[in-house]
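Visitor: Produce the entire structure from the sequences given, and follow the hints as far as they go.
Number of protein chains: 2
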Amino acid sequence: MLAIRAAVAADFPAVLDLFRRIVVSGDTYAYPPDCSPEQAQRWWLDPPARPFVAEDDGRIVGTYSLKPNQPGLGDHVANCGYMTAPEFRGRGIASVMCAHSLATARDAGFAAMQFNFVVASNTGAIRLWQRHGFAIVGRVPAAFRHVRDGPTDVFVMHRLL
Amino acid sequence: MLAIRAAVAADFPAVLDLFRRIVVSGDTYAYPPDCSPEQAQRWWLDPPARPFVAEDDGRIVGTYSLKPNQPGLGDHVANCGYMTAPEFRGRGIASVMCAHSLATARDAGFAAMQFNFVVASNTGAIRLWQRHGFAIVGRVPAAFRHVRDGPTDVFVMHRLL
Chain A
3 MLAIRAAVAA DFPAVLDLFR RIVVSGDTYA YPPDCSPEQA QRWWLDPPAR PFVAEDDGRI
63 VGTYSLKPNQ PGLGDHVANC GYMTAPEFRG RGIASVMCAH SLATARDAGF AAMQFNFVVA
123 SNTGAIRLWQ RHGFAIVGRV PAAFRHVRDG PTDVFVMHRL L
Chain B
3 MLAIRAAVAA DFPAVLDLFR RIVVSGDTYA YPPDCSPEQA QRWWLDPPAR PFVAEDDGRI
63 VGTYSLKPNQ PGLGDHVANC GYMTAPEFRG RGIASVMCAH SLATARDAGF AAMQFNFVVA
123 SNTGAIRLWQ RHGFAIVGRV PAAFRHVRDG PTDVFVMHRL L
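Listed in order, the protein sequences are those of chains A and B. For the first sequence, this note's numbering assigns the number 3 to the initial residue and increments by one for each residue that follows. For the second sequence, this note's numbering assigns the number 3 to the initial residue and increments by one for each residue that follows.
It is worth saying that the hints were derived from the structure and are not from the lab. The model shown is predicted, which means the values in this text are computed figures rather than measured ones. Each hint should be verified, as a subset may be incorrect.
Simulated DEER-style distance windows between Cβ atoms [what the hints assert, rightly or not]:
no.: 1; chain 1: A; residue 1: Ala12; chain 2: B; residue 2: Arg133; range: 49 to 57 Å
no.: 2; chain 1: B; residue 1: Ala12; chain 2: A; residue 2: Gln41; range: 26 to 34 Å
no.: 3; chain 1: B; residue 1: Leu130; chain 2: A; residue 2: Met3; range: 54 to 62 Å
Don't be surprised by glycine CBs; every beta carbon is placed ideally from N, CA and C.
Guide: Next comes the structure, spelled out in structure tokens:
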């Protein structure tokens with residue numbers, strides 16, 4: 003039974019392990035594939051980021067991290083990242099996390115959500131975000147160095163809340 | 003005689019004062035109009051940002067801050083912000099700083115430069131960046147709370163180096 007909840011300190015080692023397993027593949031996130039747990043904690047777990055976990059029978063199978071996309075006069079727009087454990091893909095976990103994050107962001111008073119760096123070759127994710135109401139509002143040429151495919155475009159995606 | 007050079011620690015108080023005078027107007031940057039010098043220093047002066055100053059007869063009349071736009075697999079794209087002292091506007095200082103920053107970024111090995119948050123009502127800046135080779139590659143609706151005009155669109159601008 004999948005449940006989404008705010009991450010607590012006891013979850014951090016499992017979340018950092020999941021983070022490492024995702025970024026090491028170098029195909030969806032800009033985070034350095036060899037980044038340290040301290041860097042990962044700063045990007046994903048520490049304030050102003052608010053980390054959540056998707057838990058299934060006591061196992062952490064996914065995580066998302068919600069934060070303001072800009073400080074100050076841009077902090078009404080949320081930003082969110084999602085990671086699903088590779089062995090739990092294809093079960094709709096990212097979709098459940100996305101829906102949860104949209105509700106969380108709305109409750110927190112955000113007026114919109116923006117993704118700054120959706121890798122163009124990550125077509126499954128793009129379709130999923132579109133099903134959750136996001137539109138492509140920008141395309142940055144060759145902004146991602148995909149570890150296998152090389153220079154790859156990046157989409158900016160957005161939806162109002 | 004206008005000269006652009008890397009900022010040194012002795013410049014920081016003047017740069018932070020200029021930063022404060024720009025952001026307090028709330029019409030071009032998301033930075034909180036009431037942010038602290040410590041926040042400003044972290045955003046504009048501390049690594050990985052590389053701050054520069056435009057100096058005219060010993061006075062600091064402008065500053066720019068260059069950094070990678072993303073970590074890791076996105077760190078070949080630079081990001082830069084520019085501030086000109088209000089009393090020195092209209093003299094082409096931003097244009098000189100932009101040209102200098104493009105050369106600096108190229109020398110540092112960046113392959114492109116991206117602006118994430120160009121306020122749509124800042125038409126003078128948009129035209130200036132276009133003259134320097136930047137194209138609008140995205141438009142985010144209402145991402146900026148302009149202190150007088152309210153919700154205002156934001157452009158993503160980009161050029162290869």
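Visitor: If a hint holds in the structure, say so; if it does not, say that too.
Guide: Hints, verified against the model:
For Ala12/A and Arg133/B, the Cβ-Cβ distance of about 54 Å falls inside the hinted range of 49 to 57 Å, so the restraint holds. About 31 Å separates the C-beta atoms of Ala12/B and Gln41/A, a value consistent with the hinted range of 26 to 34 Å. The hint said 54 to 62 Å for the Cβ distance between Leu130/B and Met3/A, and at roughly 56 Å that hint holds.
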